[in-house]
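*Asks:* Sequence:
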Amino acid sequence: MDTTDTLTEAMPIRRGSGRITALFALVALSDFLIFGEMPGINLFLFALAVCTGILLSAGKIRAPSMAALLFGFSVLASAPLLEAPSFTGIALCFSALIVVALVGGRLMPRSLIGLPLVFLRFTLVIPLRLADDIRKYLKTPAKRFSFTVVWQGVGLWIMPLVLAAIFVFLFAAANPLIEIALRSIRFAVLLQFLDLWRIGFWMMIATVVWAMLRPRLKRRAARSQASRAFVIVPTRNAPFGQASLLRSLLLFNAVFAVQTLLDLVYLWGGADLPDHMSHAEYAHRGAYPLIATALLAAGFVLLAMRRGGPGDQSSLIRGLVHAWIVQNVLLCLSSMLRLGLYVEAYSLTELRVAAGLWMGLVAIGLVLILLRILLDRSNEWLIAANLASLIAVLYISAFIDFPDVIARFNVAHSQEISHEGPPLDIYYLSTLGPSAIPALDLHIRALPEYRADKISEAQLIRGSLLWKFEHRPRDWRSWSFRSSRLEAYLLSPAAIAR
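Position in the sequence shown (from 1) plus 1 gives the number in my numbering.
Bear in mind the hints are in silico, worked out from the structure with no lab data behind them.
Cβ atoms here follow ideal geometry from the backbone N, Cα and C, with glycine treated the same way.
It is possible that part of the hints are untrue.
So the derived label-pair ranges between C-beta atoms look like this [said to hold, decoys possible]:
(1) Val394 <-> Phe25: 30 to 40 angstroms
(2) Ile392 <-> Leu265: 25 to 35 angstroms
(3) Ala495 <-> Trp198: 34 to 44 angstroms
(4) Pro424 <-> Leu375: 43 to 53 angstroms
(5) Ser316 <-> Pro424: 36 to 46 angstroms
Throw the hints in and build the complete structure from the sequences for me.
*Replies:* The structure is reproduced here in C-alpha coordinates:
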(Lines of atoms letter the chains of each structure in order from A and count residues from 1; the text may use other names and numbers.)
(Lines give C-alpha, C1' and ligand atoms only; values in the text may rest on other atoms or scores of the structure.)
Protein backbone atom coordinates (compact mmCIF):
# COMPACT_ATOMS: atom_id res chain seq x y z
CA MET A 1 0.00 0.00 0.00
CA ASP A 2 1.20 3.49 -0.81
CA THR A 3 2.44 5.43 2.23
CA THR A 4 0.85 8.64 0.94
CA ASP A 5 -2.58 7.01 0.79
CA THR A 6 -2.19 5.71 4.32
CA LEU A 7 -1.31 9.16 5.65
CA THR A 8 -4.19 10.75 3.73
CA GLU A 9 -6.65 8.30 5.25
CA ALA A 10 -5.20 8.76 8.72
CA MET A 11 -5.35 12.58 8.71
CA PRO A 12 -9.18 12.90 8.89
CA ILE A 13 -9.23 10.28 11.64
CA ARG A 14 -6.69 12.18 13.72
CA ARG A 15 -8.46 15.46 13.02
CA GLY A 16 -11.82 13.96 14.02
CA SER A 17 -10.38 12.51 17.22
CA GLY A 18 -8.76 15.87 17.91
CA ARG A 19 -12.12 17.59 17.59
CA ILE A 20 -13.73 15.09 19.95
CA THR A 21 -10.91 15.58 22.46
CA ALA A 22 -11.32 19.36 22.19
CA LEU A 23 -15.08 18.99 22.65
CA PHE A 24 -14.76 17.00 25.88
CA ALA A 25 -12.03 19.31 27.16
CA LEU A 26 -14.11 22.44 26.51
CA VAL A 27 -17.24 20.93 28.10
CA ALA A 28 -15.18 20.02 31.19
CA LEU A 29 -13.69 23.52 31.26
CA SER A 30 -17.15 25.10 30.98
CA ASP A 31 -18.29 23.03 33.97
CA PHE A 32 -15.32 24.28 35.99
CA LEU A 33 -15.51 27.92 34.93
CA ILE A 34 -19.20 28.64 34.37
CA PHE A 35 -21.65 26.13 35.87
CA GLY A 36 -22.93 27.28 39.26
CA GLU A 37 -20.80 30.45 39.14
CA MET A 38 -21.72 34.08 38.67
CA PRO A 39 -20.73 35.42 35.23
CA GLY A 40 -17.51 37.39 35.12
CA ILE A 41 -14.02 36.81 33.79
CA ASN A 42 -14.94 33.14 33.44
CA LEU A 43 -16.94 33.94 30.27
CA PHE A 44 -13.94 35.75 28.77
CA LEU A 45 -11.56 32.89 29.55
CA PHE A 46 -13.94 30.28 28.17
CA ALA A 47 -14.39 32.29 24.95
CA LEU A 48 -10.62 32.34 24.45
CA ALA A 49 -10.47 28.60 25.13
CA VAL A 50 -13.15 27.95 22.50
CA CYS A 51 -11.26 30.15 20.03
CA THR A 52 -8.07 28.17 20.71
CA GLY A 53 -9.96 24.90 20.20
CA ILE A 54 -11.34 26.14 16.87
CA LEU A 55 -7.91 27.19 15.65
CA LEU A 56 -6.25 23.92 16.72
CA SER A 57 -8.92 21.70 15.19
CA ALA A 58 -9.48 23.69 11.99
CA GLY A 59 -6.57 22.21 10.05
CA LYS A 60 -7.02 24.79 7.27
CA ILE A 61 -5.29 27.79 8.86
CA ARG A 62 -1.71 27.12 7.91
CA ALA A 63 -0.28 30.60 8.46
CA PRO A 64 0.57 31.28 12.14
CA SER A 65 0.05 34.98 11.47
CA MET A 66 -3.56 34.34 10.41
CA ALA A 67 -4.17 32.24 13.54
CA ALA A 68 -2.68 34.99 15.71
CA LEU A 69 -4.82 37.59 13.93
CA LEU A 70 -7.99 35.56 14.51
CA PHE A 71 -7.09 35.02 18.17
CA GLY A 72 -6.47 38.75 18.61
CA PHE A 73 -9.79 39.50 16.94
CA SER A 74 -11.51 37.15 19.39
CA VAL A 75 -9.79 38.86 22.34
CA LEU A 76 -10.88 42.29 21.10
CA ALA A 77 -14.47 41.19 20.52
CA SER A 78 -14.64 39.47 23.94
CA ALA A 79 -13.15 42.45 25.80
CA PRO A 80 -16.61 43.76 26.88
CA LEU A 81 -16.96 40.62 29.03
CA LEU A 82 -13.97 41.84 31.06
CA GLU A 83 -15.72 45.14 31.75
CA ALA A 84 -18.90 43.45 32.93
CA PRO A 85 -20.89 40.42 31.76
CA SER A 86 -23.88 41.46 29.67
CA PHE A 87 -26.12 40.12 26.93
CA THR A 88 -24.49 42.53 24.48
CA GLY A 89 -20.98 41.34 25.38
CA ILE A 90 -22.01 37.68 25.05
CA ALA A 91 -23.61 38.34 21.65
CA LEU A 92 -20.49 40.14 20.36
CA CYS A 93 -18.23 37.38 21.68
CA PHE A 94 -20.40 34.66 20.14
CA SER A 95 -20.41 36.47 16.79
CA ALA A 96 -16.61 36.72 16.85
CA LEU A 97 -16.30 32.98 17.52
CA ILE A 98 -18.59 32.31 14.55
CA VAL A 99 -16.30 34.43 12.36
CA VAL A 100 -13.26 32.46 13.56
CA ALA A 101 -15.07 29.17 12.86
CA LEU A 102 -16.10 30.34 9.37
CA VAL A 103 -12.55 31.39 8.55
CA GLY A 104 -11.21 28.10 9.89
CA GLY A 105 -13.71 26.16 7.77
CA ARG A 106 -13.10 28.37 4.71
CA LEU A 107 -16.76 29.30 4.66
CA MET A 108 -16.37 33.06 4.68
CA PRO A 109 -18.05 34.80 1.73
CA ARG A 110 -15.88 36.54 -0.82
CA SER A 111 -17.44 39.86 0.09
CA LEU A 112 -18.39 41.07 3.56
CA ILE A 113 -21.77 42.04 2.11
CA GLY A 114 -22.69 38.37 2.08
CA LEU A 115 -21.67 37.83 5.72
CA PRO A 116 -25.17 38.36 7.27
CA LEU A 117 -26.64 35.58 5.10
CA VAL A 118 -23.73 33.25 5.94
CA PHE A 119 -24.23 34.02 9.64
CA LEU A 120 -27.90 33.11 9.34
CA ARG A 121 -27.14 29.86 7.51
CA PHE A 122 -24.55 28.94 10.16
CA THR A 123 -26.73 29.66 13.19
CA LEU A 124 -29.64 27.69 11.74
CA VAL A 125 -27.63 24.45 11.81
CA ILE A 126 -26.13 24.91 15.31
CA PRO A 127 -28.94 23.10 17.23
CA LEU A 128 -28.83 20.05 14.92
CA ARG A 129 -25.12 19.84 14.06
CA LEU A 130 -24.00 17.48 16.85
CA ALA A 131 -27.03 15.19 16.59
CA ASP A 132 -26.67 15.00 12.81
CA ASP A 133 -22.99 14.02 13.04
CA ILE A 134 -23.77 11.33 15.63
CA ARG A 135 -26.52 9.97 13.37
CA LYS A 136 -24.16 9.88 10.37
CA TYR A 137 -21.46 8.22 12.47
CA LEU A 138 -23.78 5.43 13.57
CA LYS A 139 -25.24 5.09 10.08
CA THR A 140 -21.86 4.06 8.64
CA PRO A 141 -21.65 0.22 8.73
CA ALA A 142 -18.08 0.11 10.02
CA LYS A 143 -18.78 2.70 12.69
CA ARG A 144 -22.02 1.00 13.69
CA PHE A 145 -20.19 -2.30 14.00
CA SER A 146 -17.49 -0.75 16.21
CA PHE A 147 -20.15 0.95 18.34
CA THR A 148 -21.97 -2.39 18.74
CA VAL A 149 -18.74 -4.08 19.76
CA VAL A 150 -18.03 -1.36 22.35
CA TRP A 151 -21.58 -1.57 23.70
CA GLN A 152 -21.33 -5.35 23.95
CA GLY A 153 -18.03 -4.95 25.77
CA VAL A 154 -19.66 -2.59 28.24
CA GLY A 155 -22.49 -5.06 28.74
CA LEU A 156 -20.01 -7.79 29.64
CA TRP A 157 -18.87 -5.69 32.61
CA ILE A 158 -22.33 -5.15 34.12
CA MET A 159 -22.59 -8.49 35.93
CA PRO A 160 -18.98 -8.48 37.28
CA LEU A 161 -19.34 -4.92 38.59
CA VAL A 162 -22.68 -5.64 40.29
CA LEU A 163 -21.36 -8.75 42.00
CA ALA A 164 -18.12 -7.00 42.96
CA ALA A 165 -20.13 -4.19 44.59
CA ILE A 166 -22.13 -6.74 46.58
CA PHE A 167 -18.94 -8.41 47.77
CA VAL A 168 -17.42 -5.04 48.78
CA PHE A 169 -20.43 -4.18 50.93
CA LEU A 170 -20.35 -7.64 52.52
CA PHE A 171 -16.67 -7.22 53.32
CA ALA A 172 -17.42 -3.76 54.74
CA ALA A 173 -19.86 -5.36 57.15
CA ALA A 174 -17.19 -7.83 58.19
CA ASN A 175 -14.10 -5.56 58.15
CA PRO A 176 -14.20 -2.18 59.97
CA LEU A 177 -11.22 -0.88 57.98
CA ILE A 178 -13.09 -1.36 54.69
CA GLU A 179 -16.17 0.24 56.25
CA ILE A 180 -14.17 3.31 57.30
CA ALA A 181 -12.68 3.58 53.80
CA LEU A 182 -16.12 3.40 52.19
CA ARG A 183 -17.55 6.01 54.53
CA SER A 184 -14.70 8.37 53.67
CA ILE A 185 -15.85 8.39 50.04
CA ARG A 186 -17.99 11.46 49.43
CA PHE A 187 -20.77 10.01 47.32
CA ALA A 188 -22.61 13.34 47.43
CA VAL A 189 -19.80 14.92 45.42
CA LEU A 190 -20.09 12.16 42.83
CA LEU A 191 -23.87 12.33 42.69
CA GLN A 192 -23.87 16.08 42.00
CA PHE A 193 -22.54 15.34 38.52
CA LEU A 194 -25.80 13.50 37.81
CA ASP A 195 -27.81 16.70 38.32
CA LEU A 196 -30.23 17.15 35.40
CA TRP A 197 -29.49 20.88 35.16
CA ARG A 198 -25.77 20.11 34.95
CA ILE A 199 -26.25 17.47 32.27
CA GLY A 200 -28.47 19.89 30.32
CA PHE A 201 -25.74 22.54 30.60
CA TRP A 202 -23.17 20.06 29.25
CA MET A 203 -25.41 19.20 26.32
CA MET A 204 -26.01 22.87 25.47
CA ILE A 205 -22.28 23.67 25.58
CA ALA A 206 -21.42 20.55 23.56
CA THR A 207 -24.01 21.43 20.89
CA VAL A 208 -22.72 24.97 20.41
CA VAL A 209 -19.01 24.13 20.67
CA TRP A 210 -19.26 21.23 18.22
CA ALA A 211 -20.85 23.51 15.63
CA MET A 212 -17.82 25.81 16.06
CA LEU A 213 -15.28 23.00 15.84
CA ARG A 214 -16.87 21.47 12.72
CA PRO A 215 -18.61 24.39 10.96
CA ARG A 216 -21.12 23.81 8.20
CA LEU A 217 -23.73 26.00 6.51
CA LYS A 218 -27.39 25.26 5.98
CA ARG A 219 -28.00 24.28 2.39
CA ARG A 220 -29.90 26.74 0.29
CA ALA A 221 -33.33 25.58 -0.77
CA ALA A 222 -33.45 25.02 -4.49
CA ARG A 223 -36.15 27.10 -6.09
CA SER A 224 -38.30 25.52 -8.71
CA GLN A 225 -38.45 26.78 -12.25
CA ALA A 226 -42.01 27.95 -11.64
CA SER A 227 -41.04 30.05 -8.63
CA ARG A 228 -38.12 31.58 -10.52
CA ALA A 229 -40.37 32.42 -13.41
CA PHE A 230 -43.03 34.01 -11.20
CA VAL A 231 -41.83 37.59 -10.85
CA ILE A 232 -44.18 40.52 -10.24
CA VAL A 233 -43.39 43.38 -12.59
CA PRO A 234 -45.50 46.38 -11.62
CA THR A 235 -46.98 48.30 -14.48
CA ARG A 236 -47.21 52.04 -14.66
CA ASN A 237 -50.70 52.19 -13.09
CA ALA A 238 -50.20 49.31 -10.62
CA PRO A 239 -50.33 50.05 -6.84
CA PHE A 240 -46.52 50.17 -6.74
CA GLY A 241 -46.04 51.46 -10.25
CA GLN A 242 -44.50 54.73 -11.34
CA ALA A 243 -47.68 56.80 -11.29
CA SER A 244 -48.76 55.54 -7.87
CA LEU A 245 -45.33 56.07 -6.34
CA LEU A 246 -45.07 59.57 -7.74
CA ARG A 247 -48.42 60.56 -6.18
CA SER A 248 -47.47 58.85 -2.90
CA LEU A 249 -44.17 60.70 -2.65
CA LEU A 250 -45.81 64.05 -3.40
CA LEU A 251 -48.41 63.45 -0.69
CA PHE A 252 -45.91 62.06 1.83
CA ASN A 253 -43.52 64.99 1.37
CA ALA A 254 -46.40 67.42 1.97
CA VAL A 255 -47.53 65.63 5.14
CA PHE A 256 -43.99 65.37 6.49
CA ALA A 257 -43.38 69.03 5.69
CA VAL A 258 -46.25 69.99 8.03
CA GLN A 259 -44.78 67.90 10.85
CA THR A 260 -41.26 69.23 10.20
CA LEU A 261 -42.55 72.83 10.21
CA LEU A 262 -44.35 72.28 13.54
CA ASP A 263 -41.19 70.82 15.08
CA LEU A 264 -39.11 73.74 13.81
CA VAL A 265 -41.55 76.21 15.38
CA TYR A 266 -42.30 74.56 18.72
CA LEU A 267 -39.30 72.31 19.42
CA TRP A 268 -36.37 74.07 17.81
CA GLY A 269 -37.83 77.59 17.94
CA GLY A 270 -39.34 77.35 21.44
CA ALA A 271 -42.66 78.96 20.50
CA ASP A 272 -45.45 78.98 23.09
CA LEU A 273 -47.67 75.91 23.04
CA PRO A 274 -51.44 75.92 23.59
CA ASP A 275 -52.71 76.19 27.15
CA HIS A 276 -52.36 73.18 29.47
CA MET A 277 -49.58 71.66 27.31
CA SER A 278 -45.90 71.74 28.25
CA HIS A 279 -42.94 71.16 25.96
CA ALA A 280 -42.24 67.91 27.85
CA GLU A 281 -45.74 66.62 27.09
CA TYR A 282 -45.43 67.66 23.46
CA ALA A 283 -42.07 65.89 23.26
CA HIS A 284 -43.22 62.71 25.00
CA ARG A 285 -46.25 62.19 22.77
CA GLY A 286 -44.18 62.26 19.60
CA ALA A 287 -40.86 60.58 20.40
CA TYR A 288 -41.74 56.93 19.78
CA PRO A 289 -44.50 57.21 17.11
CA LEU A 290 -42.21 59.34 14.95
CA ILE A 291 -39.53 56.62 15.02
CA ALA A 292 -42.13 54.09 13.86
CA THR A 293 -43.05 56.53 11.09
CA ALA A 294 -39.41 56.76 10.02
CA LEU A 295 -39.10 52.97 9.87
CA LEU A 296 -42.20 52.68 7.68
CA ALA A 297 -40.84 55.42 5.47
CA ALA A 298 -37.53 53.54 5.13
CA GLY A 299 -39.37 50.42 3.96
CA PHE A 300 -41.32 52.43 1.42
CA VAL A 301 -38.12 54.04 0.10
CA LEU A 302 -36.48 50.65 -0.40
CA LEU A 303 -39.55 49.51 -2.34
CA ALA A 304 -39.59 52.63 -4.50
CA MET A 305 -35.85 52.59 -5.22
CA ARG A 306 -35.41 48.86 -5.91
CA ARG A 307 -33.25 47.93 -8.86
CA GLY A 308 -35.19 48.20 -12.08
CA GLY A 309 -38.04 49.94 -10.27
CA PRO A 310 -39.74 53.26 -10.97
CA GLY A 311 -36.98 55.18 -9.20
CA ASP A 312 -34.48 54.14 -11.85
CA GLN A 313 -36.72 55.47 -14.60
CA SER A 314 -37.80 58.85 -13.21
CA SER A 315 -35.53 61.65 -12.01
CA LEU A 316 -38.56 63.32 -10.39
CA ILE A 317 -39.20 60.24 -8.21
CA ARG A 318 -35.52 60.14 -7.23
CA GLY A 319 -35.61 63.81 -6.24
CA LEU A 320 -38.78 63.32 -4.16
CA VAL A 321 -37.23 60.28 -2.46
CA HIS A 322 -34.10 62.30 -1.58
CA ALA A 323 -36.24 65.10 -0.13
CA TRP A 324 -38.32 62.61 1.85
CA ILE A 325 -35.24 60.92 3.32
CA VAL A 326 -33.89 64.30 4.42
CA GLN A 327 -37.22 65.02 6.11
CA ASN A 328 -37.08 61.64 7.83
CA VAL A 329 -33.59 62.40 9.14
CA LEU A 330 -34.92 65.72 10.50
CA LEU A 331 -37.78 63.74 12.01
CA CYS A 332 -35.32 61.49 13.86
CA LEU A 333 -33.36 64.49 15.10
CA SER A 334 -36.61 66.04 16.32
CA SER A 335 -37.45 62.78 18.11
CA MET A 336 -34.07 62.89 19.87
CA LEU A 337 -34.72 66.51 20.88
CA ARG A 338 -38.17 65.50 22.14
CA LEU A 339 -36.57 62.77 24.22
CA GLY A 340 -34.04 65.26 25.59
CA LEU A 341 -36.78 67.66 26.66
CA TYR A 342 -38.68 64.82 28.31
CA VAL A 343 -35.55 63.72 30.19
CA GLU A 344 -35.02 67.27 31.44
CA ALA A 345 -38.54 67.25 32.84
CA TYR A 346 -38.74 63.69 34.19
CA SER A 347 -35.08 62.55 34.60
CA LEU A 348 -33.19 59.76 32.85
CA THR A 349 -34.00 56.03 32.83
CA GLU A 350 -32.51 52.96 31.18
CA LEU A 351 -35.45 52.76 28.78
CA ARG A 352 -34.91 56.35 27.68
CA VAL A 353 -31.21 55.71 27.11
CA ALA A 354 -32.12 52.72 24.95
CA ALA A 355 -34.65 54.86 23.07
CA GLY A 356 -32.00 57.49 22.38
CA LEU A 357 -29.59 54.89 21.00
CA TRP A 358 -32.37 53.39 18.89
CA MET A 359 -33.25 56.81 17.46
CA GLY A 360 -29.61 57.37 16.55
CA LEU A 361 -29.45 54.01 14.79
CA VAL A 362 -32.61 54.81 12.82
CA ALA A 363 -31.11 58.14 11.73
CA ILE A 364 -27.90 56.37 10.64
CA GLY A 365 -29.99 53.82 8.75
CA LEU A 366 -31.81 56.58 6.86
CA VAL A 367 -28.51 58.22 5.91
CA LEU A 368 -27.25 54.83 4.71
CA ILE A 369 -30.39 54.44 2.57
CA LEU A 370 -29.60 57.80 0.98
CA LEU A 371 -26.01 56.70 0.35
CA ARG A 372 -27.23 53.42 -1.12
CA ILE A 373 -29.32 55.35 -3.64
CA LEU A 374 -26.62 57.92 -4.47
CA LEU A 375 -23.85 55.32 -4.78
CA ASP A 376 -26.11 52.78 -6.54
CA ARG A 377 -25.41 50.00 -4.03
CA SER A 378 -27.37 46.80 -3.46
CA ASN A 379 -29.73 45.99 -0.59
CA GLU A 380 -27.12 43.49 0.66
CA TRP A 381 -24.69 46.40 1.03
CA LEU A 382 -27.33 48.33 2.96
CA ILE A 383 -27.96 45.41 5.35
CA ALA A 384 -24.23 44.91 5.93
CA ALA A 385 -23.69 48.64 6.56
CA ASN A 386 -26.57 48.78 9.05
CA LEU A 387 -25.24 45.69 10.84
CA ALA A 388 -21.80 47.30 11.04
CA SER A 389 -23.27 50.43 12.64
CA LEU A 390 -25.33 48.29 15.03
CA ILE A 391 -22.27 46.24 16.08
CA ALA A 392 -20.23 49.42 16.60
CA VAL A 393 -22.91 50.94 18.84
CA LEU A 394 -23.37 47.71 20.82
CA TYR A 395 -19.61 47.25 21.25
CA ILE A 396 -19.10 50.76 22.63
CA SER A 397 -22.22 50.47 24.80
CA ALA A 398 -20.93 47.25 26.37
CA PHE A 399 -18.08 49.23 28.01
CA ILE A 400 -20.40 51.89 29.49
CA ASP A 401 -21.81 51.46 32.99
CA PHE A 402 -25.24 52.89 32.17
CA PRO A 403 -26.64 52.55 35.72
CA ASP A 404 -23.76 54.70 36.99
CA VAL A 405 -24.22 57.24 34.17
CA ILE A 406 -27.97 57.45 34.76
CA ALA A 407 -27.60 57.79 38.52
CA ARG A 408 -24.99 60.57 38.23
CA PHE A 409 -27.07 62.41 35.62
CA ASN A 410 -30.24 62.30 37.73
CA VAL A 411 -28.39 63.45 40.85
CA ALA A 412 -26.57 66.28 39.06
CA HIS A 413 -29.79 67.53 37.41
CA SER A 414 -32.07 67.00 40.38
CA GLN A 415 -33.96 69.78 42.09
CA GLU A 416 -32.02 69.19 45.31
CA ILE A 417 -28.70 70.07 43.64
CA SER A 418 -29.36 72.11 40.47
CA HIS A 419 -32.54 73.75 41.88
CA GLU A 420 -34.04 73.50 38.39
CA GLY A 421 -34.70 69.88 37.47
CA PRO A 422 -37.23 67.37 38.83
CA PRO A 423 -37.02 65.98 42.39
CA LEU A 424 -34.65 63.05 42.65
CA ASP A 425 -36.41 59.69 42.43
CA ILE A 426 -34.17 57.97 44.94
CA TYR A 427 -36.15 54.74 44.85
CA TYR A 428 -35.46 54.42 41.13
CA LEU A 429 -31.77 54.80 41.95
CA SER A 430 -32.07 51.82 44.26
CA THR A 431 -33.23 49.68 41.31
CA LEU A 432 -30.05 50.49 39.38
CA GLY A 433 -27.96 48.33 41.69
CA PRO A 434 -24.63 48.98 43.44
CA SER A 435 -23.39 51.08 40.51
CA ALA A 436 -25.57 53.92 41.90
CA ILE A 437 -23.55 54.13 45.15
CA PRO A 438 -21.11 56.87 43.93
CA ALA A 439 -24.05 59.02 42.77
CA LEU A 440 -25.80 58.47 46.13
CA ASP A 441 -22.66 59.62 47.95
CA LEU A 442 -22.65 62.78 45.82
CA HIS A 443 -26.31 63.33 46.65
CA ILE A 444 -25.75 62.85 50.40
CA ARG A 445 -22.80 65.26 50.50
CA ALA A 446 -24.77 67.91 48.56
CA LEU A 447 -27.81 67.86 50.86
CA PRO A 448 -27.91 70.58 53.54
CA GLU A 449 -27.79 69.61 57.22
CA TYR A 450 -31.44 70.49 57.87
CA ARG A 451 -32.60 67.85 55.33
CA ALA A 452 -31.94 65.07 57.82
CA ASP A 453 -34.90 63.04 56.55
CA LYS A 454 -33.55 63.00 52.98
CA ILE A 455 -30.05 62.19 54.22
CA SER A 456 -31.20 59.23 56.32
CA GLU A 457 -33.36 57.95 53.46
CA ALA A 458 -30.43 58.07 51.02
CA GLN A 459 -28.08 56.45 53.55
CA LEU A 460 -30.57 53.62 54.11
CA ILE A 461 -30.75 52.88 50.38
CA ARG A 462 -26.97 53.19 50.10
CA GLY A 463 -26.57 50.68 52.92
CA SER A 464 -28.84 48.14 51.21
CA LEU A 465 -26.94 48.51 47.93
CA LEU A 466 -23.62 48.22 49.77
CA TRP A 467 -24.79 45.04 51.53
CA LYS A 468 -25.85 43.58 48.17
CA PHE A 469 -22.44 44.36 46.68
CA GLU A 470 -20.42 43.05 49.62
CA HIS A 471 -22.38 39.77 49.72
CA ARG A 472 -21.88 39.00 46.04
CA PRO A 473 -19.94 35.82 45.16
CA ARG A 474 -16.23 36.44 45.70
CA ASP A 475 -14.94 33.63 43.49
CA TRP A 476 -12.20 34.70 41.05
CA ARG A 477 -14.30 33.40 38.18
CA SER A 478 -16.85 36.16 38.81
CA TRP A 479 -14.31 39.02 38.68
CA SER A 480 -14.93 41.99 36.36
CA PHE A 481 -13.41 45.43 35.86
CA ARG A 482 -16.68 47.11 36.83
CA SER A 483 -16.93 45.41 40.22
CA SER A 484 -13.21 45.98 40.77
CA ARG A 485 -13.58 49.73 40.11
CA LEU A 486 -16.53 49.98 42.48
CA GLU A 487 -14.63 48.09 45.16
CA ALA A 488 -11.67 50.46 44.77
CA TYR A 489 -14.05 53.43 45.08
CA LEU A 490 -15.62 52.06 48.27
CA LEU A 491 -12.14 51.86 49.84
CA SER A 492 -11.35 55.48 48.91
CA PRO A 493 -12.00 58.53 51.14
CA ALA A 494 -14.57 59.85 48.62
CA ALA A 495 -16.86 56.94 49.49
CA ILE A 496 -17.25 57.94 53.13
CA ALA A 497 -20.71 59.44 53.53
CA ARG A 498 -21.54 61.89 56.25
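*Asks:* Check each numbered hint against the structure and report the violated ones by number, ascending.
*Replies:* Per hint list: single violation, 5.
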